[in-house]
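Asker: Below are the chains, spelled out letter by letter.
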Amino acid sequence: MAHTTNNFSEWVNLQLDSDSSFAVSEAVRSPSLSKLAGGVFPTRKDEEWRYTPLGDLLDSSPGRDTTVVLDHEYIESLKQAMPSAHTIVFLNGEYSQKYSDSPTALEDSGLNISPLGQLEGTALKLAEDTILNSTLTDDNIFQHIALGLSQNGLFIEVNKNIEGQTPIHVIYISTAHGVTAFTSPVNVIRVSSNSHLKVVEQYASLGEAAVITVPASYVQLEDGAGLDYYKIGIENARTNHICNTSVRVAGSGTFRSHQYLLGSNLTRSNLEVSFTGPGAEAILRGVYLGDENQHLDVRTYLDHAHPHCSSDQHFRGILNGHSRGVFNGLVLVQEHAQKTDAQQSNKNLLLSRDARVDTKPQLEIFADDVKCAHGATVGELDSDALFYLQSRGIDKKDATLMLTRAFAAEVTQEIDIDSLQTYVQDKISASLDEIVIPSV
Amino acid sequence: MLSIKNLQVSVEEKPILKGLNLEVKPGEIHAIMGPNGSGKSTLAHVLSGREGYSVDAGSAHYKGLNLLEMAPEIRAREGMFLAFQYPIEIPGVNNTSFLKKALNEIRKHRGEEELDAIDFLSLIKKQMKLVEMKEELLKRPVNQGFSGGEKKRNEILQMAVLNPTLAILDETDSGLDIDALRIVAGGVNKLRSADNSFVVITHYQRLLDYIIPDFVHVLSDGQIIKSGTKDLALELEERGYDWLIEEAESKD
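Protein chains in written order, with the numbering used here: chain A, 1 to 440; chain B, 1 to 252.
Just so you know, these hints were derived from the structure itself, not from any lab. On a predicted model such as this, the values are computed, not experimentally measured, just so you know. Note that the Cβ used here is the ideal one computed from N, Cα and C, for glycine as well. Keep in mind that a hint or two might mislead.
The calculated DSSO-like cross-link candidates involving lysine-lysine, where the alpha carbons are at most 30 Å apart (straight line), are [unchecked claim]:
| no. | chain 1 | residue 1 | chain 2 | residue 2 |
| --- | --- | --- | --- | --- |
| 1 | B | Lys63 | A | Lys397 |
| 2 | A | Lys397 | B | Lys125 |
| 3 | B | Lys5 | A | Lys427 |
| 4 | B | Lys5 | A | Lys396 |
Pairwise CB distance ranges, derived in the manner of DEER restraints [claimed, not checked]:
| no. | chain 1 | residue 1 | chain 2 | residue 2 | range |
| --- | --- | --- | --- | --- | --- |
| 5 | B | Arg110 | A | Val179 | 27 to 37 Å |
| 6 | B | Gln144 | A | Gly321 | 24 to 34 Å |
| 7 | A | Asp416 | B | Gln144 | 15 to 25 Å |
| 8 | A | Pro83 | B | Arg110 | 53 to 63 Å |
| 9 | B | Gln144 | A | His336 | 37 to 47 Å |
According to the in silico footprint, chain A covers these stretches of chain B (three or more CB under 8 Å from chain A) [claimed, not checked]:
| no. | segment |
| --- | --- |
| 10 | 94 to 107 |
| 11 | 188 to 201 |
| 12 | 225 to 236 |
Model the full assembly from the supplied sequences, consistent with the hints where possible.
Answerer: Okay, here's the thing in structure tokens:
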């Protein structure tokens, strides 16, 4: 990595001395602070960042927007995704009591939910232990930004043997007027033995100025625990979003993740899953939809460190205009991880000649009794299918829309929350309605 | 209804149809038979507007409209229907919503009101009985995981729902067992009327035991070399195509 000065790293350095309150304690922050003081940001010369330009982000110097105006309808439109969930809203990085459901609604539910900044005692210790246990590597500078600069975030803890709990819907809204907005929420989710929870994280942005969002999320599932973890990115085209998620799944636990990256100027999502006991399972799904000059970069890392675990990944990209997609998925099967079942599939649909995708599914297998497969495809719409629809009276534009929606629906149909499935599919349809122009 | 004159079509500069003439009047069923490679499927594809075919000479008019200048969807909206030899599987597109969309596009074109979900369902359920199709197939993606026979029945179901004035059946009998063949043919027969015409393309005579044609044409090397009634099909069944081809060649 080259040491270069840029507006963003200068700004980061100014923040290090700031006396505002932070989400995590000094003990957790300080290693990140020293990393940040070095001010080293990756460039395209770094293999891990070869395809993803950080120029826009590094050029910017965030400020603080004090003119936050949110209308009620806007919040309601975001809540549509999960009308019956327990909603928590973060506005420009701060917990919004006004827009969040009252925590009293969850009393005696076996669920402990609190803004990270308000944690004390054992809960704080638990949250920070989860962070310190993470799989994210020390050279992951954006993790350090999140930990070093985060003002707040969310802590969710589920007690043992809790099933059928109300889903949690966390909405992060950034507003940017006049100056670049910056937030870096840190989230910690812990699910205890034999409990199950659904969490939806939704990211949105407003305003004419640029937005930088750098979340870091830390998930830990105990034996037999389950988490359905949805990430919905619908930020505006002035938003750069770089997130890191570290997940540790204990024996017989099930981690299900869906990511829908449907907005932003640039998104880079890094999801790392590590099995810490036998018989655990990870199911990763995702769709990235890009147009114009959008850049969407999905990375997954699956560490099969124990036997009898299974992972199944299915990601699909739809790219139009000059947009660019990147999929980089690494599955590591360690020597003693016998009977591993690891599947990985990445399919991409290019709707324009100038769109591009770089896909790199990788398997590193050190065990000998495993079932592993991976594959990637990049293609255009099936011309036979297009003709079939046209021959039934459907014009080329509608046929293209139907097939493109269908391509995404192969993944979105697995969303097992009806309102969320409809919300995501409608978002995808609305975006496609705008971008699909018949190439007649 | 359909008037094809001296139609010459090539694929990648290789001539396939070499001056084909055909007149189909309302209410008629025409069978087009011929050996493999004679140009049968090319004819079906060109009439339905598939890309990849170059029309080098001749004309094709449907209800007085210049067919060859119309987009495939316009042909469909004007009442043409092609039953595919190999129906396409379309993952992620629901069979019912696809067919509803198709029907409503055609209705819009005709200036008719679009059907809502309830009216559409009652229509489709009625037509499904015609082809003895299982209702669960409506909930599945178009043709995905359908057996060969189910795909062909789905084609006839689409035809029944869209109610075309001219239907072209491209080797609809291929790959069907005798029961499926009977059901498919039964569907066609129920849709027969004084206003509707059919062009039935087939390699074998057996389909014509169930769909009785008014005319039988033999296509060989891109031209119709003989036309006759259903008796011609029986003769072909008995004697094969070679004698006809030889006869046609000796005339040249």
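Asker: Confirm or reject each hint.
Answerer: Hint check:
no.: 1; hint: Lys63(B) - Lys397(A); result: holds (26 Å)
no.: 2; hint: Lys397(A) - Lys125(B); result: holds (29 Å)
no.: 3; hint: Lys5(B) - Lys427(A); result: violated (50 Å)
no.: 4; hint: Lys5(B) - Lys396(A); result: holds (29 Å)
no.: 5; hint: Arg110(B) - Val179(A): 27 to 37 Å; result: violated (57 Å)
no.: 6; hint: Gln144(B) - Gly321(A): 24 to 34 Å; result: holds (30 Å)
no.: 7; hint: Asp416(A) - Gln144(B): 15 to 25 Å; result: holds (21 Å)
no.: 8; hint: Pro83(A) - Arg110(B): 53 to 63 Å; result: violated (40 Å)
no.: 9; hint: Gln144(B) - His336(A): 37 to 47 Å; result: holds (40 Å)
no.: 10; hint: 94 to 107; result: holds (count 7)
no.: 11; hint: 188 to 201; result: violated (count 0)
no.: 12; hint: 225 to 236; result: violated (count 0)
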